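J.: The listed protein sequences correspond, in order, to chains A and B. Going by the working numbering, the first sequence wraps up at 386, each residue one higher than the last. Going by the working numbering, the second sequence wraps up at 386, each residue one higher than the last.
Treat each hint with caution, since some may be false.
Repeated chains share a single entry, so a pair holds when one copy, or any two copies, can fit it.
Said to hold, decoys possible - Capping the alpha-carbon separation at 30 Å, the derived lysine-lysine pairs in DSS-like fashion look like this:
| hint | residue 1 | residue 2 |
| --- | --- | --- |
| 1 | K12 | K231 |
| 2 | K345 | K18 |
| 3 | K58 | K211 |
| 4 | K345 | K50 |
| 5 | K48 | K345 |
| 6 | K349 | K82 |
| 7 | K50 | K349 |
| 8 | K82 | K351 |
| 9 | K349 | K221 |
| 10 | K330 | K386 |
| 11 | K50 | K351 |
| 12 | K82 | K58 |
| 13 | K48 | K349 |
No lab work stands behind these hints, which were simulated from the structure alone. All values reported here derive from a predicted model rather than from experimental measurement.
Each chain, letter by letter, is given below.
2 protein chains.
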Amino acid sequence: MSKSAEFTKLHVALGERSYDIVIGAGLDSAGLLIAQHLKRKRTFIITDKNVAETQLETFVKRFENAGIEIAQKVVLSPGEETKNFTVVSALVETLLHQGLERSDVIIALGGGVVGDITGFAAAIALRGIAFIQIPTTLLAQVDSSVGGKTGIDTPYGKNTIGAFHQPQLVLIDTNVLDTLPLRELQAGYAEIVKYGAIKDAKFFAWLEANGKQLLSGLEGEKHEFRIEAVIRSCQIKADVVVADEREEGERALLNFGHTFGHALESETGFSNALIHGEGVSIGMAMAARFSAELGFAPKADAERLIAHLKACGLPVHPSDKGPKALDPVRILAHMKHDKKVKDGRITLILLRGIGSAFITREVEEDRLLAFLRNELK
Amino acid sequence: MSKSAEFTKLHVALGERSYDIVIGAGLDSAGLLIAQHLKRKRTFIITDKNVAETQLETFVKRFENAGIEIAQKVVLSPGEETKNFTVVSALVETLLHQGLERSDVIIALGGGVVGDITGFAAAIALRGIAFIQIPTTLLAQVDSSVGGKTGIDTPYGKNTIGAFHQPQLVLIDTNVLDTLPLRELQAGYAEIVKYGAIKDAKFFAWLEANGKQLLSGLEGEKHEFRIEAVIRSCQIKADVVVADEREEGERALLNFGHTFGHALESETGFSNALIHGEGVSIGMAMAARFSAELGFAPKADAERLIAHLKACGLPVHPSDKGPKALDPVRILAHMKHDKKVKDGRITLILLRGIGSAFITREVEEDRLLAFLRNELK
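Isolated chain A, as found in the complex (with noise of 0.2 Å):
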């Protein structure tokens, strides 16, 4: 970790797919540091109609007062159902249309649905290119730019087609969260709350002393602890990526809450009833419970972390959002179709308390299917 006036950097150590993170509020440099990357001072910027609204302008004068060429702006439709076959071939076939070659680089300017689907393209155009990850949610500063997990969705689950593919760069710029809704915002806080769940118990407290001024607390405040969360969750983040970067053991720790969220997603057929962070909000306080009942956790540590999310807004309880009448069966089958499955077995993340999670296959369907129907009655 390196800091300047401007901003701090992270490097992910991944030999030579090995990048930067750069976090800073405001990032005036954000052309200069670009252009460092860039063959010829040309690009092409992926994002969608909400980003395009509020943030685009700003980047473009950004790279264009470096000197750097915009071939084009693609701007896509927000949400989920935009992580499809369909759309990623014609944005492929976009950018061949302008000439993309080999040596370019694409960049990604919005949150998580802009970053998989341009990671996902750049994997595949011209057999992989390099592309830059700008996020611009909380979700996607956090979790989904750093990593290299790019995708679209299926019938059959998210992004159960995808490559791994490390970004060149990942620049945050924690201002653009000013114009976030809140709800966007206590939604991408649930997943720093699980980088204090499942690695680091000293975060997690210093989460419950300060995860409601980071929400919406006074304006000096509130953008020193995003800072500090970002840096934070991002280290934790590239650790785990540096130790397991293709998902083959300690990675899937990052899935903690992730299993029976997706399923609720699925559920709710991935639309704004119920957000990623939601999802992933009462995963984490479903998992926690799980874990207390079958003897794991401590019972305290559960209501602990479920105390906290509750605190900052977020679901704890199936019933608190998305669809009311859920079949414990069908939430069943969802989670046995994620990617983790392994002959046929279910992985879970559970709790062995804050600040600990481990990864087990052991858990019986039976078990599994008695604590969701006792979830969803």
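Given chain A's structure and the hints, the job is docking chain B onto it.
T.: Chain B only, in chain A's frame:
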């Protein structure tokens, strides 16, 4: 390289992406060789209609004898037009529907099209699973099955979407060539000649002596020559791939004849009028003539290459195959859409002589256009 009574084994040393190429005539132990790579004894075979009629049952029996369950056989339409987004997305969704897991291995049983599309499906399904190549054409055996280039086509060119995704094993049974039409054999042979032309003058001389018997000689002789030529071709290809896996330098030599060839194939709509190996043959002859014209190679070397291609029944001039009235400007435009174009400059692979090729971006467009006008008049 190691030899047993039944097969020769070459090793492609790419660190954690290393794999073997096993070459033999009648690989009855194919099932056992594959079983070693399966975590659960269950696999998926992707093939095309032609191969399904001639080869599929033999291999299915070999697998079943080794206790491998075939979860699904997917039979694609033969031909280059299968290499599109619609087919690859349907293929991946079929596999997911059958309960594909990350640790599964899928098998490409077929020619270049089956290998390219199956490899690409493996690269993107669940963010990357393993696959095994069992090439059933001479062209796939000596070229496309080795080296991890996978992909599909777009209106902007062949394989403009794809991934570098190495197979886990390449199994080459030269006996499958017995049912291959002579034209297909000759087309594959063009890629064999390419290895001699760019890298190995001794091998080229060996081909001059044995090429015709390899294609259509007496029974025993024919098989022996085929195995020898496949081994030497795969060895050269493996060496080049190990030196430059992602084609940042030397690997581009393997595209000798391909920049011209692809342009001609484009103009014939990648149809049966001009199959890939034929395009490469004409392309090599053109590159040889252009090399001599520019003074890079002795005229005698160009003539020697062209004479051998002709002697083996291969086309050596644009007018020998495909559409008659070709427009030089359109051919040039196709060449400018090549993946290897850099800063708008066309990459050409030219000869210094038999056994020695080089990469250049220095040839002026006007010079190339004048050459094309002369070739196509």
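J.: Hints first: check each against the structure and report whether it holds.
T.: Quick rundown of the hints versus the structure:
In this homomeric assembly, K12 and K231 come within 30 Å of each other (Cα to Cα) only inside a single copy, at 20 Å, whereas the closest approach across copies is 69 Å. With identical chains, the CA atoms of K345 and K18 are never at most 30 Å apart, being 39 Å at best within one copy and 39 Å at best between copies. Proximity of K58 to K211 under the C-alpha cut-off of 30 Å is found in neither arrangement, the shortest distances being 39 Å within a copy and 61 Å between copies. Taking CA atoms no more than 30 Å apart as the test, K345 paired with K50 passes between copies only; the shortest distance there is 20 Å, against 47 Å inside one copy.
Only between protomers do K48 and K345 lie at most 30 Å apart by alpha-carbon distance; the minimum there is 19 Å, versus 45 Å within a single protomer. With identical chains, the CA atoms of K349 and K82 are at most 30 Å apart between copies only, with a shortest distance of 24 Å across copies and 36 Å within one. Taking CA atoms no more than 30 Å apart as the test, K50 paired with K349 passes between copies only; the shortest distance there is 19 Å, against 41 Å inside one copy. For a Cα distance limit of 30 Å, the shortest separation of K82 from K351 across copies, 22 Å, qualifies, whereas the shortest one inside one copy, 41 Å, does not.
For the homomeric pair K349 and K221, neither the shortest alpha-carbon distance inside one copy (34 Å) nor that between copies (52 Å) is at most 30 Å. Taking CA atoms no more than 30 Å apart as the test, K330 paired with K386 passes inside one copy only; the shortest distance there is 15 Å, against 71 Å between copies. Proximity of K50 and K351 under a CA criterion of 30 Å is satisfied inter-copy only: 13 Å between copies versus 46 Å inside one chain copy. In the homo-oligomer, the alpha carbons of K82 and K58 lie at most 30 Å apart inside one protomer (11 Å), although the nearest pairing across protomers, at 42 Å, exceeds that limit.
Taking identical chains as interchangeable, the C-alpha atoms of K48 and K349 lie at most 30 Å apart only when they sit on different chains, with a minimum of 15 Å there against 38 Å within one chain.
In summary, the structure is inconsistent with hints 2, 3, 9 from the numbered list given earlier, while agreeing with the others.
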